[in-house]
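Enquirer: Residues per chain, in single letters:
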Amino acid sequence: MKANPKHVLTGVYYIDGDVASGYGAMAAGCRFIAGYPITPSTEAFEAFCRWGPQVGAMFIQMEDELGSISAVVGAVWSGIKSMTITSGPGYSLMMETIGYGAMLETPFVLLNIQRGGPSTGVPTKTGQADMMQSRWGSHGDYELIAFAPESPQEMFDYTIRAFNLAEKYRCPVMIMSDECVGHMTEKVVIPEADKIDIEPRRFYTGPPEQYLPFKPDPDLVPKMAKAGDGFKLYITGLLHDEKGHPVSNEEYSMKYVKRLVDKIRLNKDKIIELKEENTEDADIVVVSYGISSRVAVKGVEIARQRGIKVGALRLVTVWPFPDEKIAELAKKTKAFVVPEINYGQVVFDVARCVHGQSNIVLVPHGGAGVHNPADIADAIEYAAKTDKQIEGVVEFKTRLEKLVFEGGFKLKE
Amino acid sequence: MEEPTKAIKEIHPDPSATSGVHPMENLLRMERMPHIWCPTCGIGLAVTAFTAALTKANIDTNKMSIVSGIGCTGRVAGYVKLDSFHTTHGRPIAFGTGIRVANPGIKVVVFSGDGDLIAIGGNHFIHAARRNIDMLVICVNNFIYAMTGGQVAPTTPLAAYATTSPYGCVEPPFNIPYIADSAGAVYVARWTTLHVRRLTNSITEALQKTGFSVVEVISPCGMYYSRINRLGDGLDMMRFYHDNVEIRNGEDTKNLDIGFQTKIICGKFVDRERPSYMERYNQWLSEVKGARGEG
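Top to bottom, those sequences are chains W and P. Residues 109 to 521 in my numbering are what the first sequence lists, from first letter to last. Residues 261 to 555 in my numbering are what the second sequence lists, from first letter to last.
Source of the hints: derived by calculation from the structure; they are not laboratory data. We treat Cβ as the ideally placed atom computed from N, Cα and C, and that holds for glycine. The reader is advised that the hints may include incorrect statements.
[Unchecked claim] Simulated coverage check for chain P against chain W, where a stretch passes if three residues somewhere in it have a Cβ under 8 Å from a Cβ of chain W: (1) 335–348; (2) 448–460.
[Claimed, not checked] Pair by pair, the computed Cβ-Cβ distance ranges are: (3) G119(W) <-> V548(P): 18 to 28 Å; (4) T232(W) <-> R508(P): 48 to 58 Å; (5) G550(P) <-> S361(W): 53 to 63 Å; (6) V355(W) <-> D496(P): 45 to 55 Å; (7) P316(W) <-> W544(P): 49 to 59 Å; (8) G428(P) <-> L508(W): 33 to 43 Å; (9) T232(W) <-> E291(P): 53 to 63 Å; (10) H463(W) <-> N542(P): 57 to 67 Å; (11) T293(W) <-> V548(P): 23 to 33 Å; (12) W544(P) <-> L511(W): 48 to 58 Å; (13) L511(W) <-> S546(P): 52 to 62 Å; (14) P316(W) <-> S546(P): 48 to 58 Å; (15) L346(W) <-> D496(P): 26 to 36 Å.
Make a model of the complete structure from these sequences and hints.
Expert: Written as structure tokens, this is what we have:
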């Protein structure tokens, strides 16, 4: 199915990542956004509020993030595509209902423009420290999909892709962007509607009395119905059988939870998107995502000038994680260098897949800023020169850390 | 199925009541029976009044969604044969807002308890009233958190006992009709589960309203509230309602506080017109589009 031309603002724009994501949502067929203002995500919500009604979409500013995400799940069950937009503190508030969405196999998209944390942190500056929260944040066991775009163009493109995957696998999809990408203004090309693929909702079309809302198709994803069509749906966050009725036995819990997990895990080859560059004969591979991958480009360039054979693997989807790809690279790579704006999150998943075959160097950052590319280059050089096998993850000491922890750092008055 | 008893026949003069078919069968999920509510609990009576009102109001049940939160009353959605949503704790009003706004063809009923709607979900309650979202809220108030075993609630009367107010409740309770009224609800009523007929009439009336309507249902909790406060069994509670309820339609909602075993004022307090959220939204939209020539 192609996008509806009425929903697509075809043209060439100079806009920031937040706005691009708002336009992407409209193009993807999103008809409803419920949000709550939070820096640095507001521009995306504002863009949708400004232009959405012009293409027949609705928005509501709810009283809090708990309300926003609940309204989004409600809207999806009344038959439309829906999204919410937030940042750190709001993301934490939404966790319970993200799990509810996963349990009910509700397709929706959540845009998280990450900022410095923890807590209120640094609202106006960047961070990448919600990555594990996006994977494990809500209680209980489930799988979902998370993207990490690196440019306004990707914010547009992957917002559409997020909606498509949400519908295809009936699960919440996270766009784990960050303040830098959200506020980065660049050229964004919005193509003609007939160039944009849209995944329609898998609506059940048989007789209502035979409908089983949680009976999966062979790809483990059930068909959906919506309120108001006479199905007399019974939708509950309790563990439920194929009819949707609550059950509480151990055997069924195993069956249901395994399916929630497997529908993503067994389809992950179709979901995972990676960008790989010069990894074939590389000694060192830089694994990165989001804004850090943008910064890493320069770091890799500097390292190459220093004569090091270095490749790059960019995680466009961070979850599900590309276990096999990392394991395969680990067989021929001396070391992995992972820059991320935290003190180690995705790097530990890299370590899990490398399984001690290569060294792993984390280039950490405490948030409120991005890496200095020279630090990434130095970390690459350090990894290239280190011949002994080091267990676990090596935390590389960056210039900023030396400044902060070894003197010379003064807080500006 | 057993022959309906004489009492049921009297309550439901519906001819189907004598045919061996449960009179509410078309509106309940009979395969889910027996329900989880304790003997002498009032929630079943509230559900009876609700289903009777649906029949009376001649509602298209295909176009109605019932949304509950968590708790004893939270289970109502799962027993009523409508599009039923059992949501997270405190969020049924926000969830219902999403349903209603995204599909204005659907009538939304939120059926939940005092803890769910007034404590953890209190913010959504006042804001939905302020927006005047087209939605009927039936709030069963049993003065306690019953599902979790009898903890103090924001509706527990002063000095009443609960497991987490073992020396008597020290916090003044919320007066639900007053909150609803001040936040902008267009219809506000309160009845006890003794007043099944009046409750049914109120729900029927509220179902016809466009806007945020609230019906509070004072309900006995024989298992926790009555037991810990030594108020006798369910029948004693009904007798208490009989002797201590004063019906004052149109009473100013600020006079509706409920003390421990004091008089309970019931009635219809608010019935007014205000533009609903969707009416305002659509009007605004058509004005904007008209101004821009996008008709």
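Enquirer: Take the hints in turn and mark each one as holding or not.
Expert: Quick rundown of the hints versus the structure:
| no. | hint | in the structure |
| --- | --- | --- |
| 1 | 335–348 | holds (count 10) |
| 2 | 448–460 | violated (count 0) |
| 3 | G119(W) <-> V548(P): 18 to 28 Å | holds, 22 Å |
| 4 | T232(W) <-> R508(P): 48 to 58 Å | holds, 55 Å |
| 5 | G550(P) <-> S361(W): 53 to 63 Å | holds, 55 Å |
| 6 | V355(W) <-> D496(P): 45 to 55 Å | violated, 36 Å |
| 7 | P316(W) <-> W544(P): 49 to 59 Å | violated, 36 Å |
| 8 | G428(P) <-> L508(W): 33 to 43 Å | violated, 57 Å |
| 9 | T232(W) <-> E291(P): 53 to 63 Å | holds, 55 Å |
| 10 | H463(W) <-> N542(P): 57 to 67 Å | holds, 59 Å |
| 11 | T293(W) <-> V548(P): 23 to 33 Å | holds, 27 Å |
| 12 | W544(P) <-> L511(W): 48 to 58 Å | holds, 53 Å |
| 13 | L511(W) <-> S546(P): 52 to 62 Å | holds, 59 Å |
| 14 | P316(W) <-> S546(P): 48 to 58 Å | violated, 35 Å |
| 15 | L346(W) <-> D496(P): 26 to 36 Å | holds, 33 Å |
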